[in-house]
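Student: The chain contents come next:
There are 2 protein chains.
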Amino acid sequence: MATVPLKDELDIVIPTIRNLDFLEMWRPFFEQYHLIIVQDGDPSKTIKVPDGFDYELYNRNDINKILGPRASCISFKDSACRCFGYMVSKKKYIFTIDDDCFVAKDPSGKDINALEQHIKNLLCPSTPYFFNTLYDPFRDGADFVRGYPFSLREGVSTAVSHGLWLNIPDYDAPTQLVKPLERNTRYVDTVLTIPKGTLFPMCGMNLAFDRDLIGPAMYFGLMGDGQPIGRYDDMWAGWCCKVICDHLGLGIKTGLPYIYHSKASNPFVNLKKEYNGIFWQEEIIPFFQQINLSKESTTVQKCYVEMAKQVNEKLGKIDPYFVKLADAMVTWIEAWDELNPPTKDSAKATNAASK
Amino acid sequence: MATVPLKDELDIVIPTIRNLDFLEMWRPFFEQYHLIIVQDGDPSKTIKVPDGFDYELYNRNDINKILGPRASCISFKDSACRCFGYMVSKKKYIFTIDDDCFVAKDPSGKDINALEQHIKNLLCPSTPYFFNTLYDPFRDGADFVRGYPFSLREGVSTAVSHGLWLNIPDYDAPTQLVKPLERNTRYVDTVLTIPKGTLFPMCGMNLAFDRDLIGPAMYFGLMGDGQPIGRYDDMWAGWCCKVICDHLGLGIKTGLPYIYHSKASNPFVNLKKEYNGIFWQEEIIPFFQQINLSKESTTVQKCYVEMAKQVNEKLGKIDPYFVKLADAMVTWIEAWDELNPPTKDSAKATNAASK
Numbered sequence: 249m250a251t252v253p254l255k256d257e258l259d260i261v262i263p264t265i266r267n268l269d270f271l272e273m274w275r276p277f278f279e280q281y282h283l284i285i286v287q288d289g290d291p292s293k294t295i296k297v298p299d300g301f302d303y304e305l306y307n308r309n310d311i312n313k314i315l316g317p318r319a320s321c322i323s324f325k326d327s328a329c330r331c332f333g334y335m336v337s338k339k340k341y342i343f344t345i346d347d348d349c350f351v352a353k354d355p356s357g358k359d360i361n362a363l364e365q366h367i368k369n370l371l372c373p374s375t376p377y378f379f380n381t382l383y384d385p386f387r388d389g390a391d392f393v394r395g396y397p398f399s400l401r402e403g404v405s406t407a408v409s410h411g412l413w414l415n416i417p418d419y420d421a422p423t424q425l426v427k428p429l430e431r432n433t434r435y436v437d438t439v440l441t442i443p444k445g446t447l448f449p450m451c452g453m454n455l456a457f458d459r460d461l462i463g464p465a466m467y468f469g470l471m472g473d474g475q476p477i478g479r480y481d482d483m484w485a486g487w488c489c490k491v492i493c494d495h496l497g498l499g500i501k502t503g504l505p506y507i508y509h510s511k512a513s514n515p516f517v518n519l520k521k522e523y524n525g526i527f528w529q530e531e532i533i534p535f536f537q538q539i540n541l542s543k544e545s546t547t548v549q550k551c552y553v554e555m556a557k558q559v560n561e562k563l564g565k566i567d568p569y570f571v572k573l574a575d576a577m578v579t580w581i582e583a584w585d586e587l588n589p590p591t592k593d594s595a596k597a598t599n600a601a602s603k
Numbered sequence: 249m250a251t252v253p254l255k256d257e258l259d260i261v262i263p264t265i266r267n268l269d270f271l272e273m274w275r276p277f278f279e280q281y282h283l284i285i286v287q288d289g290d291p292s293k294t295i296k297v298p299d300g301f302d303y304e305l306y307n308r309n310d311i312n313k314i315l316g317p318r319a320s321c322i323s324f325k326d327s328a329c330r331c332f333g334y335m336v337s338k339k340k341y342i343f344t345i346d347d348d349c350f351v352a353k354d355p356s357g358k359d360i361n362a363l364e365q366h367i368k369n370l371l372c373p374s375t376p377y378f379f380n381t382l383y384d385p386f387r388d389g390a391d392f393v394r395g396y397p398f399s400l401r402e403g404v405s406t407a408v409s410h411g412l413w414l415n416i417p418d419y420d421a422p423t424q425l426v427k428p429l430e431r432n433t434r435y436v437d438t439v440l441t442i443p444k445g446t447l448f449p450m451c452g453m454n455l456a457f458d459r460d461l462i463g464p465a466m467y468f469g470l471m472g473d474g475q476p477i478g479r480y481d482d483m484w485a486g487w488c489c490k491v492i493c494d495h496l497g498l499g500i501k502t503g504l505p506y507i508y509h510s511k512a513s514n515p516f517v518n519l520k521k522e523y524n525g526i527f528w529q530e531e532i533i534p535f536f537q538q539i540n541l542s543k544e545s546t547t548v549q550k551c552y553v554e555m556a557k558q559v560n561e562k563l564g565k566i567d568p569y570f571v572k573l574a575d576a577m578v579t580w581i582e583a584w585d586e587l588n589p590p591t592k593d594s595a596k597a598t599n600a601a602s603k
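Chains as they are written, first to last, in our numbering: chain S, 249 to 603; chain A, 249 to 603.
Okay, chain S solo, but in the shape it has when bound (with noise of 0.2 Å):
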């Protein structure tokens, strides 16, 4: 049922500080797709992409060059950066993945195509409001079970894919620091829809999008240089993302495909950057739940814009950060409608999902 779209309906989104060499290992997957390179930090510095791929490349100063004080919203000396990609991309469908993810295997030994997969998982409805005991209905082989309501089964358009990581688990560094050699090597095959009304952590290693359908929502934050917080730029947007998306009828799946995570970052480093997030994020995530968007919040922009008034007017409390947080998601917006001007079939495809 799902194939995977053509060249010109996908981009991949990378930040990097090196070269990027991982590439290769990528090659029979990527190649026939167009690259967005977001070079993080110093911007003098040449990135080498391999023989043979199709890339834009952008460093800070083309960031600058094209969104001019607007910049100040795109994080620098974090992989947040990333962000910038989905905004200069004119695709339907954004895949994201870090320089030091590579194809893992499944049980079989075969070569894991995660591209395909996000694809079939966003071309699948999700089913967020009542859960199926065999995961995903649409998948060869399962479907709904007994129980599960008929006028339910048609489903949701999917906005988000969020893949899962063999070997390097996500941890945060206390994890990191106590389980030093913990290693995932637990391939559980399967996707699922994450039901309305849960929050969950979404990881930015190997995430896929829709960007007709929840694109302006995928801001990943004031982080890195200059900030007083690391390492949660795609909780920021997950979370953000998943209240957009249970507003607006939209569906996120997580699960299948996994990428080979290679190398544990340095867990003294990230403590440094996440000590702020792990205090705040108990206070963040019940923001989260509690969130209402008013019914006349009817597109993303629109969504993320209420949003951000409250993230000033009730996180703002906790620290100061997050007014600052607040304006740069206006920001933003304000940019990402500058470079992506409404279309008619964006505004459908807008109206169509907030039904």
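To be clear, the hints were calculated from the coordinates, so they are not data collected in a lab.
Quick caveat, the model's predicted, so the values are computed rather than measured.
Errors might be hidden in some of the hints.
Pairs count within a copy or across copies, as identical chains cannot be separated in the list.
[Said to hold, decoys possible] Here are the simulated DSBU-like cross-link-like pairs (lysine-lysine), alpha carbons at most 35 Å apart as the crow flies:
id, residue 1, residue 2
1, 543, 557
2, 550, 325
3, 293, 255
4, 427, 358
5, 255, 339
6, 353, 427
7, 543, 562
8, 562, 358
9, 358, 511
10, 296, 358
11, 255, 325
12, 255, 313
13, 565, 543
Use these hints to put chain A onto chain S, whose structure you have.
Tutor: Coordinates of chain A only, in the frame set by chain S:
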């Protein structure tokens, strides 16, 4: 961490209308436990149990004798009668299994000890308030991922463990009719908590629960002989249990273990039993999704009686059947309390759970 409990902590409840030859296959796993066999249908028929099993057997005459007029709440000519076994048990844990379920094999070809996995599930906490993308964080080789709030990592007590089925999936009659050849061959190596606020279709074929925590809510309703509905006994129990677990802060897990479901029941017969349920569930599920239990309902019994009142008021409008069912729910609790007078320990457990 989790170990299989001693013989005196668990009963296996089996509803049946035939000789229990299927137990031969389960002998290595079940022989050390006590069986409660609830004989469905004609009480004059003799059910043969293979030698060596320790069991008690109740037929309709026994049920009538033990419960007197309250026996009206126990279904006749339907496997829903199994819940009588939950009531007469005196153990902490119940495992219930259908007599057409055999030992399944894991992908390595090894026999699956379903009971052992259920107990593992029940002894490990659940995490209903936030989704963990690596599934059960308490399993060996897994943990909470980055971004999972630390305040939620203690989890909550697990009340129910819902296992799955290889070979014949648990489909409703329409799906059986449309996909007569579909078999479930996918072994998904995971256990996960059903998030708070999300309902699921609980199947009674391969199910375990903590009687002390949730027993009085495991009522399988009025089905079969003289009733306008069948095959919704476990669904009904699942909806009620989920709402009460959410209210009391208890968890429900689904996934492993698998059993091998040998034979599809007749889809034409099933359709006749199900058609009212298929129709009614479109209103029942929104009812359970919006139900709110009061703060005063601090025990499973109080929750259940409050729920019965709402069933009467709100679902009674759909069909007089629900008025009768609401009465039966109250009768069930009366019968439960008569057979299970509260002890200091059970009061303590309920209080701890409701905190």
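Student: Which constraints among the numbered hints does this structure fail? Numbers only, ascending.
Tutor: 8
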